[in-house]
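Chemist: So the chains spell out like this:
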Amino acid sequence: MKMIKTVNIAKIYDPLQGPALEDINIEVEQGEFVFLVGPSGCGKTTFIKLLIRELLPTRGEIYISNQDIVKMRPSRIPNLRRSIGCVFQDFKLLPNKTAYENVAFALQVIGHPDRVVRAQVPEVLSLVGLEDRMDSYPHELSGGEQQRVSIARAFVNRPPLLLADEPTGNLDPSTSMGIMSILEKINKTGTTVLAATHDREIVDSLRKRVIALEGGRTVRDQDRGVYGYED
Amino acid sequence: MRIKFFINEALVNFKRNWLMSIASISTVAISLFTIGLFIIVSFILNNVITQQEKKVEIVVYLKDEALSKKIGELEKQIISWSEVESVDYVSKDEALKRLREWYGEESSVLENIPGNPLPASLEIGLKLPEAVKEVASRIKMPEVVDEVRYGEEQTVEKLFAVTRGIRWAGIIFGILLCFDSLVLISNTIRLAIFARRKEVSIMKLVGATNWFVRLPFMLEGIIQGVLGALVAVFILYFIKVTSSQYLINFLRWLRVTVNLNHLFSQFYLLLGILILAGILIGALGSLISLKRFLKI
Chain A
1 MKMIKTVNIA KIYDPLQGPA LEDINIEVEQ GEFVFLVGPS GCGKTTFIKL LIRELLPTRG
61 EIYISNQDIV KMRPSRIPNL RRSIGCVFQD FKLLPNKTAY ENVAFALQVI GHPDRVVRAQ
121 VPEVLSLVGL EDRMDSYPHE LSGGEQQRVS IARAFVNRPP LLLADEPTGN LDPSTSMGIM
181 SILEKINKTG TTVLAATHDR EIVDSLRKRV IALEGGRTVR DQDRGVYGYE D
Chain B
1 MRIKFFINEA LVNFKRNWLM SIASISTVAI SLFTIGLFII VSFILNNVIT QQEKKVEIVV
61 YLKDEALSKK IGELEKQIIS WSEVESVDYV SKDEALKRLR EWYGEESSVL ENIPGNPLPA
121 SLEIGLKLPE AVKEVASRIK MPEVVDEVRY GEEQTVEKLF AVTRGIRWAG IIFGILLCFD
181 SLVLISNTIR LAIFARRKEV SIMKLVGATN WFVRLPFMLE GIIQGVLGAL VAVFILYFIK
241 VTSSQYLINF LRWLRVTVNL NHLFSQFYLL LGILILAGIL IGALGSLISL KRFLKI
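Protein chains in written order, with our numbering: chain A, 1 to 231; chain B, 1 to 296.
Watch out, some of these pointers could steer you wrong.
Taking lysine-lysine pairs in the DSS-like style, the calculated list, with each CA pair at most 27 Å apart, reads [said to hold, decoys possible]:
#, chain 1, residue 1, chain 2, residue 2
1, B, LYS4, A, LYS5
2, B, LYS133, A, LYS49
3, A, LYS92, B, LYS295
4, B, LYS15, A, LYS92
5, B, LYS133, B, LYS15
6, B, LYS70, B, LYS133
7, B, LYS291, A, LYS92
8, A, LYS71, B, LYS133
9, B, LYS198, A, LYS92
10, A, LYS71, B, LYS295
11, B, LYS198, A, LYS49
12, B, LYS291, A, LYS49
13, A, LYS49, A, LYS71
14, A, LYS92, B, LYS4
15, B, LYS198, B, LYS133
16, A, LYS208, A, LYS2
Derived DEER-like restraints, expressed as beta-carbon distance ranges [claimed, not checked]:
#, chain 1, residue 1, chain 2, residue 2, range
17, A, SER136, B, SER186, 31 to 39 Å
18, A, LEU16, B, ILE279, 25 to 33 Å
19, B, LEU269, A, SER136, 48 to 56 Å
20, B, ARG197, A, ASP204, 46 to 54 Å
Derived by calculation from the structure, the hints in this document are not laboratory data.
Note that the Cβ used here is the ideal one computed from N, Cα and C, for glycine as well.
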């Protein structure tokens with residue numbers, strides 16, 4: 001089954017500036033691990049925002065698990081987002097909630113009872129190696145720890161798809177490798193992972209499928225690829 | 001279980017955002033207190049000026065030798081006029097009693113006066129105080145009537161101009177006050193929610209429905225609204241308890257009798273309304289302020 005399929009999508013923010021994305025045709029199979037690479041401003045973040053319907057494309061069709069999400073009724077959007085785990089460069093943790101509560105929130109949103117929350121949250125937090133920091137608030141955690149909380153939140157309800165937008169953008173190289181190995185671990189459980197990044201070292205060392213964007217267009221799509229830019 | 005979650009969420013947020021909570025509570029408290037005080041003051045003022053207006057009446061002093069049969073005839077005649085609301089007979093004894101009350105503690109000065117020099121009278125209340133001159137001129141029965149008295153026409157007109165002015169000023173001031181309070185409170189709530197707009201967007205991005213985001217915010221708003229209203233109510237109650245005796249004395253000194261029992265029975269209704277207003281302000285304020293941040 002195709003996890004992600006986009007047909008000729010284009011996104012134009014400002015007609016005077018030209019499209020942020022154009023003619024994007026990407027297909028991702030269930031269970032794949034894909035890197036989306038390219039310099040800043042090439043449209044990686046826009047592409048991810050389109051996949052969770054934070055934005056609508058100007059043209060084209062987007063399918064997630066064969067659902068047309070462009071024509072989707074707004075009332076269905078929360079359901080779409082529950083089936084997609086999302087990891088952001090700026091972590092997007094709720095500042096007034098502890099690590100535990102941030103992860104729990106993703107389950108509470110779906111309406112899981114306390115019993116499930118109490119069982120699942122510690123398990124996922126120990127998967128990302130934060131079993132000792134459960135009661136810390138985001139501002140008490142390092143960047144790498146915050147990112148691991150956000151991965152735990154994205155993964156706690158076992159979504160079929162996990163999107164990561166520059167997950168290591170704010171982290172140092174060794175922490176970054178740790179984050180990537182967690183994403184790889186998650187991918188091994190069968191979750192499809194799409195990670196946007198401009199971190200050459202990581203892309204080159206993991207040898208996954210690489211889709212390269214440049215100026216809003218796909219310029220390369222290769223299996224077991226490398227970063228391939230001089231930046 | 002869901003409800004428990006939302007209540008818990010609201011309480012926790014309330015505590016963890018205590019600085020903003022205090023801002024909202026104090027704004028609601030100050031606004032509702034001012035409105036409450038305004039309502040009480042205008043209630044008393046309205047009573048006072050209504051009474052001043054009612055004081056515009058005609059007093060017919062009767063001759064001591066007038067026959068009670070004749071007096072009864074005059075009374076019947078006057079009450080049949082369409083402008084007249086009431087006719088009350090005040091006997092000589094009653095007039096003296098009133099005078100004693102009027103003097104209050106100093107009434108001993110009256111004890112030196114022999115007999116009762118005060119005349120009996122008819123007090124005529126009017127439906128249309130403006131018609132006072134016309135009605136007064138119609139009262140003619142020389143064998144009974146000693147003198148007909150009413151306020152000077154100009155004085156009466158001035159009085160009405162003043163009371164009308166006070167009423168209008170009160171209405172305009174009241175509207176301004178409500179408008180002020182609404183702007184002030186909604187700005188505070190909007191700021192509080194604006195400070196947490198990122199939180200709202202994060203909730204939406206992890207798949208929360210709009211109502212899932214709204215409910216804790218609304219509950220939080222209600223808690224703040226109720227606490228604010230309670231502060232206002234507490235201060236108003238404190239003022240009532242400590243100053244009602246001064247108020248009664250002051251009004252007596254003004255020679256105005258305001259039905260304070262009626263006012264006090266309404267007092268609790270007013271407090272209830274203020275608390276209800278706090279709930280509504282909190283819930284609706286949050287709901288409206290959230291609207292634009294939910295569009296993700």
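Chemist: Has the given pair, A/LYS92 with B/LYS4, been kept, meaning a C-alpha gap of at most 27 Å?
Modeler: Measuring from Cα to Cα gives roughly 26 Å; hence the hint holds.
Chemist: Return holds or violated for the Cβ distance of B/LEU269 and A/SER136 against the range 48 to 56 Å.
Modeler: 50 Å, holds
Chemist: Holds or violated: A/LYS49 with A/LYS71, Cα cutoff 27 Å?
Modeler: 16 Å, holds
Chemist: Take a look at whether the Cβ-Cβ distance between A/LEU16 and B/ILE279 falls inside 25 to 33 Å.
Modeler: 49 Å, violated
Chemist: Assess, step by step, whether the Cα of A/LYS71 is no farther than 27 Å from the Cα of B/LYS295, and give holds or violated.
Modeler: The given pair, whose Cα atoms are some 17 Å apart, holds under the 27 Å limit.
Chemist: Take the C-alpha atoms of B/LYS70 and B/LYS133, compute the straight-line distance between them, and say whether it is at most 27 Å.
Modeler: 23 Å, holds
Chemist: Does the beta carbon distance between B/ARG197 and A/ASP204 stay inside 46 to 54 Å, or does it fall outside?
Modeler: Given a distance of about 39 Å, which is not inside 46 to 54 Å, the answer is violated.
Chemist: Going straight from one Cα to the other, do B/LYS15 and A/LYS92 come out at no more than 27 Å?
Modeler: 21 Å, holds
Chemist: Is B/LYS133 close enough to A/LYS49, meaning Cα to Cα at most 27 Å?
Modeler: Roughly 83 Å separates the two Cα atoms, so the pair is violated.
Chemist: For the pair supplied as a hint, B/LYS198 and B/LYS133, confirm whether the alpha-carbon distance does not exceed 27 Å.
Modeler: It is violated: about 72 Å lies between the C-alpha atoms, which goes past 27 Å.
Chemist: Between the alpha carbons of B/LYS198 and A/LYS49, is the straight-line distance 27 Å or under?
Modeler: 16 Å, holds
Chemist: Is A/LYS208 close enough to A/LYS2, meaning Cα to Cα at most 27 Å?
Modeler: Given pair A/LYS208, A/LYS2 holds - Cα atoms ~18 Å apart, limit 27 Å.
Hint compliance for this structure: hints 1, 2, 5, 8, 15, 18, 20 are not met, and every other hint is.
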